[in-house]
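> In order, the protein sequence lines correspond to chains A and B. FYI, in the working numbering the residues of the first sequence are 170 to 449. FYI, in the working numbering the residues of the second sequence are 795 to 1002.
To be clear, the hints were calculated from the coordinates, so they are not data collected in a lab. This list has only true hints and no planted wrong ones.
Mimicking DSS-like on lysine-lysine, the simulated pairs with C-alpha atoms at most 25 Å apart in a straight line are:
1. Lys359/A - Lys386/A
2. Lys337/A - Lys909/B
3. Lys1000/B - Lys909/B
4. Lys386/A - Lys360/A
5. Lys379/A - Lys360/A
6. Lys192/A - Lys909/B
Over the 12 Å line for every Cβ pair with chain B, so calculated as not near, a few chain A residues:
7. Gly184
8. Ile249
9. Gln259
10. Ala262
11. Gly270
12. Glu271
13. Arg301
14. Leu306
15. Gly340
16. Leu343
17. Gly353
18. Asp372
19. Gly380
All C-beta atoms in this analysis are idealised placements derived from N, C-alpha and C, irrespective of residue type, glycine included.
Here are the chains, one letter per residue:
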Amino acid sequence: MNARNPPDSGWFVDGLDREQAVKRVRTGTAATPQDWPALAVEAEVVSETDDYYQQLHEITRAAAREAVTEHESADDQQLIHLVRALDDCQRTANELTERVGEWAGSYDADASMEPAYFEELAAREPDGLIERRLVSLAKRVVELKAEANDLEVALERATPEVAPNLSKLAGPLLAARLIALAGGLDSLAKKPSGTLQVLGAEDALFAHLKGNASPPKHGIIYTHEAIRGTPSGDRGSAARALAGKLTIAARVDYYSGELRPELAAELADRIERIRARGSQ
Amino acid sequence: MTLPAGVEQRSFGSETGLATRGEPVYGEPTDGDWRKWDPHRSKLGALLELDVETELHGGETVLYLGAASGTTVSHVADFSGPTYAVEFAPRPMRDLLAVTDSRPNLFPLLKDARKPVEYAHIVEPVDVVIQDVATRGQARVALENSQFLDAGGLLIVAFKARSEDVTEPPESVFSRLCSELETEYDILTRERLEPYHQDHLGVIAKKR
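So that you can see chain A by itself, here it is in the shape it has in the complex:
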């Protein structure tokens, strides 16, 4: 048999050593099921089928518990750190980009703010005391941008683990930002939909509450396509509909964790109706 089509062997093929067997249960594969209890007895891995099922019970439980524990270490507080680190990296990178761009402009006629120019500058062999500092700073900017990129990739992987439904509906980045603004998935799940709708628009909200401004239609959820893609007259309705579904998703994620794929379709349907109404 070749590597693409490995010989089918049961989870017990590496023996019943706990660590090995758990690993096999978690990562093994087989193209077709077979009479594993009989094969295990035949291979003298176990003495009889009762023994087989007892071992299987212990090993599958250990494997599931291990996976659940790993999942739980990716918690909402870690997401908040990731989001804030991402924002800090991006903000700092932007500030330094301006500084380096301005500095390089005094030095080099071809200078620009383009990433390609920065990479070229960072790779340059510096000449003299001052250019060495400039090139070094450009190098930091390039690295900071790479770090921000890595943080974003990590967020995209971690958020669906913590909040699968919210992440599906809002996209991982917006989902993580909502969790960060609320201070955690638990507090997000306990907020009413109207609060989620204006998370991130606190300044506008308090200006309104003081009595001299109109209420904000949306906060950070503004970045969602359901709102950005809706004509401005209907954005209030779209924001309300989106916030409602996101609230449900956050609650499902916090209280049950089960996947509810129909939420995304319900949202799409709702937004479509809002837009159709507006175009009449």
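Following the hints, put chain B in place on chain A, whose structure we already have.
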């Protein structure tokens, strides 16, 4: 119709209902060893409560797809032989693990029911596949898992219309799912699960 051995109609104080024998798992009423099986929380429970002939006799080897927190699968394990419980989401798996504490014949698997290749090295061929997954492509899941059944093997599936398409009328979703199922299975019974579950269809089928 006949209830599987190990499932009975019993009275709990003022109410009567289905029951199995095992450790309680979700705060259900108990009477000695027996614990009530709430048809509102279980599609299989609803099928039995609606007097549908499930062809279950008790003692079968079972592959349960979409075990969630283990509400239904705990009852299934109470009256079945070796029971493999597949669930994809880690969060409900934590509750399912607690259910397996007192049930040595129940094996929890944190796997994707759409990818049987990832658990075929653990699950043996079974007598019954019970499926309750809320994902798009529910018929395809049943087809992909037919490899665990011999010809004549039993499939009990609860289709959820809203998981396929929220805008299409449930009946048209169901007939699409059923005709897809019929490429490999003979359907014995189809029954809507109202009043216990809205827009759900229970199907009993046998592999050809």
